[in-house]
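Asks: Protein chains in written order, with the numbering used here: chain A, 1 to 309; chain B, 1 to 309.
Worth double-checking, as some hints may not be accurate.
Copies of one chain are not kept apart here, so a pair can be met inside one copy or by any two copies together.
Subject to a maximum C-alpha distance of 25 Å in a straight line, what follows is the list of computed BS3-like cross-link-like pairs (lysine-lysine) [what the hints assert, rightly or not]:
#, residue 1, residue 2
1, Lys-268, Lys-42
2, Lys-264, Lys-70
3, Lys-249, Lys-191
4, Lys-42, Lys-279
5, Lys-268, Lys-180
6, Lys-156, Lys-170
7, Lys-13, Lys-264
8, Lys-70, Lys-249
9, Lys-226, Lys-42
10, Lys-42, Lys-249
11, Lys-13, Lys-268
12, Lys-13, Lys-249
13, Lys-305, Lys-279
Because the hints were derived from the structure by calculation, they are not lab data.
What follows is each chain in one-letter form.
Protein chains: 2
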Amino acid sequence: MRNVAIVGTGHSKFGVRNDVSMSELAWEAIKEALDEAGLEQKDIEYFIVSNTGGWSSEPLPAVVIGEYSKLVPKGTVRVEAACASGSAAVKLAYDMVASGHVDIAMAIGIEKMNESPTPIVVEFIGRAGNYFWEFENFGLTFPGYYALHATAYMSKYGATEEDLCKVAVKNHYYGARNPKAQFQREITVEKCMSSRYIAWPLKLYDCCPITDGAAAVILASEEKAKELTDSPIWIAGIGSASGTSNMSKRGTFSSLEAAVVAAKMAYKEAKINPDNPVKYIDVANVHDCFTIAELMAYEDLGFAKRGEA
Amino acid sequence: MRNVAIVGTGHSKFGVRNDVSMSELAWEAIKEALDEAGLEQKDIEYFIVSNTGGWSSEPLPAVVIGEYSKLVPKGTVRVEAACASGSAAVKLAYDMVASGHVDIAMAIGIEKMNESPTPIVVEFIGRAGNYFWEFENFGLTFPGYYALHATAYMSKYGATEEDLCKVAVKNHYYGARNPKAQFQREITVEKCMSSRYIAWPLKLYDCCPITDGAAAVILASEEKAKELTDSPIWIAGIGSASGTSNMSKRGTFSSLEAAVVAAKMAYKEAKINPDNPVKYIDVANVHDCFTIAELMAYEDLGFAKRGEA
């Protein structure tokens with residue numbers, strides 16, 4: 001297996017982006033990544049577009065984006081892994097470079113959720129679990145899914161709504177310092193606590209917003225990476241696992257079992273001791289669609305003991 | 001790059017499959033592939049679900065299918081590359097095994113188009129080109145796209161409607177011998193010629209039907225393949241390319257330029273002389289969504305000279 005490095009990254013501004021088409025939004029991220037890597041479109045041998053979609057007028061965006069960004073006729077595919085779609089695109093691009101099939105691949109993530117009215121988006125995300133069992137029969141939407149996790153976690157470990165709000169306060173603190181973030185104002189625990197309930201115990205500030213945005217990552221083989229940059233980011237390990245989409249078949253609600261399996265795989269590949277991963281890791285970017293998701297991620301990744309995140 | 005072989009394949013019966021759920025339909029193919037390879041679900045290290053979707057009630061089918069088929073907690077992703085979605089899944093599974101990341105991966109293709117009424121399916125496929133330019137502004141549906149190709153080809157090379165019908169006659173001849181095919185009756189050129197126009201010059205029998213069906217392919221590393229079977233099918237080369245989705249930006253209507261690029265890549269990898277590929281190939285399975293697509297494929301792949309397919 002060949003070594004693979006990240007040699008360029010790009011991000012669009014996130015938020016309500018009615019000012020641009022889907023292709024224009026993707027290009028903001030693609031251009032930034034190309035510039036950072038010192039590459040042109042012709043150098044990209046394959047591009048993977050991550051898009052869950054369902055809310056956009058362009059339902060099959062890979063080639064549409066490729067055409068606008070002048071990446072055609074390179075090979076392409078759209079990938080979707082629900083909330084993990086972007087990571088899945090990076091993983092597949094990684095496999096492609098690691099295999100020796102190409103030397104330089106690009107993973108592009110894009111969603112333009114605001115192309116649909118909010119009720120349609122809420123319905124679509126609700127269907128994204130297990131439509132037949134939970135959405136059709138019980139009307140369970142995504143805030144509802146995570147509210148089940150939150151109540152289970154609170155019941156088991158005595159966590160409070162304030163504990164959840166602290167996650168939102170931290171994330172808004174960083175958002176206020178990121179010119180590309182959707183929300184750029186700090187909030188307080190009091191502000192979060194007094195926001196309206198979306199699905200008890202989750203309040204407005206416990207929930208991620210509907211958003212438009214794009215990101216791009218360029219991966220390169222060892223040889224190419226060394227040509228392109230003095231500071232390649234080497235990928236030391238990747239893990240990928242799935243859980244039941246049917247909530248009622250899960251063994252626990254205070255953890256995502258798939259995250260535990262995937263973390264073990266990544267740690268093994270990266271030669272990280274799974275009993276003390278914090279020792280090896282300086283920065284972690286975890287999924288925070290709801291505040292409870294971030295707390296569960298800390299524990300599933302082994303950064304904190306159960307109930308102590 | 002490691003050698004990769006196909007060690008198991010499976011197919012569902014195709015057609016109107018209101019008798020099964022999406023998961024049950026996928027399982028028909030998955031089970032057949034597992035049985036052929038002599039494997040169990042636990043042996044599959046990663047599964048890729050190809051699904052264009054948009055017509056099904058389960059919009060994110062990868063995990064739903066994995067759960068039903070007892071493939072969870074293995075890693076998974078859904079991929080979409082319009083009409084080439086199935087091939088894209090095989091290509092990504094191939095990269096994953098070739099890289100050494102896994103030894104055994106499964107590519108599963110599934111569509112359940114009959115979950116939506118025909119006008120919705122027609123609209124969705126129409127949007128699958130370039131929604132903004134051609135569907136919204138001109139109402140161009142997929143039979144319309146290929147009708148443009150057919151008229152261009154007929155005008156340039158003097159092909160006739162009868163020539164197109166001969167493709168349909170051949171395909172129905174084989175369908176009549178395949179117990180899993182949607183249509184199992186032979187037709188004549190006369191029957192095709194007298195069928196109603198869908199988009200001139202394409203008639204009913206020039207067009208593929210709306211269908212439900214699933215297929216599965218298991219790929220294995222050289223070492224595993226040799227353990228599993230005495231007759232592995234080695235993958236000698238894969239090519240992948242894209243074209244503009246905007247028809248008005250294509251350089252020609254009597255060819256799919258992306259197919260020419262992809263064929264050259266595959267021939268190079270397989271060490272096939274691109275000037276005479278027929279010499280090396282015993283069987284070809286080309287895209288035949290419309291009869292004209294099959295004729296263009298023969299020429300794009302170099303099996304026949306331009307206008308002689």
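Asks: All hints, please: hold or fail.
Replies: Here's how the hints hold up against the structure:
1. Proximity of Lys-268 to Lys-42 under the C-alpha cut-off of 25 Å is restricted to the inter-copy arrangement: shortest distance 19 Å between copies versus 36 Å within a copy.
2. Taking the shortest alpha-carbon separations for Lys-264 and Lys-70, only the inter-copy value of 20 Å comes in at or below 25 Å, while the best intra-copy value is 39 Å.
3. In the homo-oligomer, the alpha carbons of Lys-249 and Lys-191 never lie at most 25 Å apart, since the shortest distance is 36 Å inside one protomer and 52 Å across protomers.
4. In the homo-oligomer, the alpha carbons of Lys-42 and Lys-279 never lie at most 25 Å apart, since the shortest distance is 41 Å inside one protomer and 32 Å across protomers.
5. Taking identical chains as interchangeable, the C-alpha atoms of Lys-268 and Lys-180 are never at most 25 Å apart, the minima being 34 Å within one chain and 43 Å between chains.
6. Proximity of Lys-156 and Lys-170 under a CA criterion of 25 Å is satisfied intra-copy only: 24 Å inside one chain copy versus 65 Å between copies.
7. Within a single copy, Lys-13 and Lys-264 get their C-alpha atoms no closer than 33 Å, and across copies no closer than 39 Å, so neither meets the 25 Å cut-off.
8. With identical chains, the CA atoms of Lys-70 and Lys-249 are at most 25 Å apart between copies only, with a shortest distance of 12 Å across copies and 45 Å within one.
9. Taking identical chains as interchangeable, the C-alpha atoms of Lys-226 and Lys-42 lie at most 25 Å apart only when both belong to the same chain, with a minimum of 19 Å there against 39 Å between chains.
10. With identical chains, the CA atoms of Lys-42 and Lys-249 are at most 25 Å apart between copies only, with a shortest distance of 19 Å across copies and 47 Å within one.
11. Taking identical chains as interchangeable, the C-alpha atoms of Lys-13 and Lys-268 are never at most 25 Å apart, the minima being 35 Å within one chain and 41 Å between chains.
12. In this homomeric assembly, Lys-13 and Lys-249 never come within 25 Å of each other (Cα to Cα): the closest approach is 38 Å inside a single copy and 29 Å across copies.
13. Taking the shortest alpha-carbon separations for Lys-305 and Lys-279, only the intra-copy value of 15 Å comes in at or below 25 Å, while the best inter-copy value is 63 Å.
The earlier numbered hints that this structure contradicts are 3, 4, 5, 7, 11, 12.
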